[in-house]
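**Q** Whole structure, please, built from the sequences with the hints as guidance.
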Amino acid sequence: MERNKNSSWFREKILMGKTFGEYIRDCLTPWNIIALIFLILGIYAMIYRLVAGFGPTTNLSDEYPWGFWIAFDILVGIALAAPGLTIGTAVHLFGLKDYHHFARPAILSSLVGYIFAVFALLFDLGRYYRVFYLIGWSWGFSSILFLIGWHFFLYINISIIEFAPVVCEWLNLKRAREFFNKLAIWATIFGVIIAGGHQSALGGLFLVVPSKLHPLWYSALLPPFFLLSAICAGISVVIFESSITHRAYKHLIKDYDPVDFDAKIIGLGKAVAYGLYIYLILKLLDFAHYEKWHYLKGFYGFWYLFEVIGFFLIPALILTYAVRYKQAFWVRISAVLVMLGILLNRFNVCLLAYKWYLPASQKYYPAWTEVALSAGVITMLILVYRFILNRMPVLYEHPEFKSEH
Amino acid sequence: MKFNRRDFLKKTGILAGALLTGTPAVSQAYKKDKKDVDLSIYSTDNKANSKVWEIYEERKKKHIPPPKEPYGVLVDVSKCIGCRRCEWACNNWNKNPNRPIEEFEASVSQEPSVFDKRRRPHAGQFTVVNRFKTKSGKTVYVKIQCMHCVTPACYAACFVEAFRKTPEGPVIYNPHVCIGCRYCMVACPFDIPSYEYYDPLTPEVTKCTMCYDRIVEGKVPACVEACTAGALTFGKRSELIKIAKERIANNPGKYVNHIYGEKEVGGTSWLYISPVPFEEIGFRTDLGEVPIRQYSDQFLFMVKMFEIVGAWPLVFGAYYQLSKHKKGHNSTNEEKGESHGKK
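These protein sequences, in sequence, are chains A and B. Under the working numbering, the first residue of the first sequence is numbered 1, with each subsequent residue one higher. Under the working numbering, the first residue of the second sequence is numbered 1, with each subsequent residue one higher.
None of these hints come from the bench; they were simulated from the model. Incorrect hints may appear among the rest.
Claimed, not checked - With a straight-line Cα cutoff of 27 Å, these simulated DSSO-like cross-link-like pairs (lysine-lysine) come out:
1. A:174 x B:324
2. B:60 x B:95
3. A:355 x B:117
4. B:135 x A:355
5. B:254 x B:236
6. B:79 x B:242
**A** Put into structure tokens, the structure is as follows:
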């Protein structure tokens, strides 16, 4: 009897009311098979890395101790995992109730984003099994990376607390939900401080390499650059991801109103535009103050302008137009551009402009296993995100807890 | 491209081999290609760094008083003859992969030789000598190794505090806490720390220890002992600066008037004087005199301020939200209570 009850719980909550066979059959979609291929390649790369070490699996060298994994999984990944910092805060702290529909997906993306970023990071640590040394003992207080490590740890806990009410609703745990709901607002405040701190600290990491980073990218303002661009990226991710989920999960959202939804997307676009303009003004100030004009010659000058104009100025202009003429489509386009811009910027800082003086033959480029591992981790992230969206009351309000928003 | 007899014979041999046997020649050719790669990157299981760390810990436990002044080494680039005996002695003392000393000594007159490529320290090699042909036509040999900064960047970067600046002068590394993030390698302005990339389970950072284990026994570092050309002088850092200044002053025209390492990134324990400008022999002359640590310290201070000062408005905001929420909450509770009552 007890077992029977258990298995029905499993069927209800995990298999979404299907039998195991039905569930597996329903999973065999073309997209899932593509995901499976990525997963297999990624897991192969992970095992290969663990068994053979960095040497055969990566193109890391003594000249380039940080490669694709740090640039993509951590610098890009964490910047794109900023939705919780932006939307979560706006809704819970500043009372922007209009956007409360966006809060839960945003917090969820931060949660899974951070967890998988740290998961991927483990493969980049030579002695991953010691990672708890950082939390437990042996504290390097003079290190910016120490601050980041601790902030990651704290922020994952904060995201768990922020997201806990959703899990409690899913499992019908009313008492626990009340408890976490009360805790959530304090977690949010703590979260803003922590997330703001480490987003800027990721830029701060490169403050110690004034002689190795190209002067166009090196700046005393690296931390605010990283923070601001992460905020823009965080909101852009919300725009991008909600546009996808609202299309794919229409059936889950009962009171879905496309016009209202587009209006909110435009509102978010406005926030991104503000962020981008502040970012660009700071960039210009930095550029003028350090008199970087003469660096604009040559490839790196071109590349710098390509990044700043192509992926920050142009989206800002498009957004200005889109907000003014209420074009949600163009907001979405520029959100994608901003996300790509973050990708480009982080890659430039971490890989391309780092040791720009090395000849092309000595520059770093990722091995296929490095890319495969990251792709595998992203696939896992998307699958987990989807798993949760399908089951927990993220996109819709749980009928039993509806009145409390 | 030069094409000497030996190469020619080798290549014809490979070609003949390929014609006779087919496949094995390919792997031979591959191996030959691999020889261009510095084999010391494959080295694993270095023990020198952990040995030195254990000695440091033991001395700390026993409260052995440190010397009054830190030591250093003065490198007189003009005296180096490129015999590479220091490399051999370093490998020998630190139990790194080594070759017969004759092979090291021979490379100065060999063509081609290891000097053709500019090398850097790797996992299995803490010091290397490079050859530079300067604009004025001079051939200069330069030994590089860890500079043992007075305010080390690796220490400031390490998030588990695996580095120490010892009172004796050496900057040493503790492999027992290292997680392997390799931020020290990113931060080092001289690109010295190397990593055992080919060790899957227990990789370590490796670097020159300035033979801390020898210094505490009253001996000089292995490379200094091996140097017969008089290019390396071991002593108290302050005295070495004096010696360097005297040498520059007493030999007008022989040296450029600069002691590299006296002030660079806050000063280093290893000091260099050179007959040619330092930028021509592979030194970064744009590092400045600010210790790298200051950049991160300033930032950490700012973050702390930001987090402490910025916290207050947020806390007040939250308090405000909570009180508003409470009012709303009470009303929903009442509604709920009613509905409950109706049931």
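**Q** Hint by hint, note whether the structure agrees.
**A** Status of each hint after checking the structure:
Restraint check: the Cα-Cα separation between residue 174 of chain A and residue 324 of chain B comes to about 22 Å, which is no more than 27 Å; the hinted pair holds. For the given pair, residue 60 of chain B sits about 25 Å from residue 95 of chain B by alpha-carbon distance, which is consistent with the 27 Å threshold. Distance check on the hinted pair: residue 355 of chain A and residue 117 of chain B sit about 19 Å apart at the alpha-carbon level, within 27 Å; holds. Restraint check for residue 135 of chain B and residue 355 of chain A: the C-alpha separation of about 24 Å stays at or below 27 Å, so the hint holds.
Straight-line distance between C-alpha atoms of residue 254 of chain B and residue 236 of chain B comes to about 24 Å, which keeps the hinted pair within the 27 Å bound. Only pairs whose Cα atoms come within 27 Å are accepted, and residue 79 of chain B paired with residue 242 of chain B is accepted, the gap being roughly 18 Å.
Violated hints: none; the structure is consistent with every hint.
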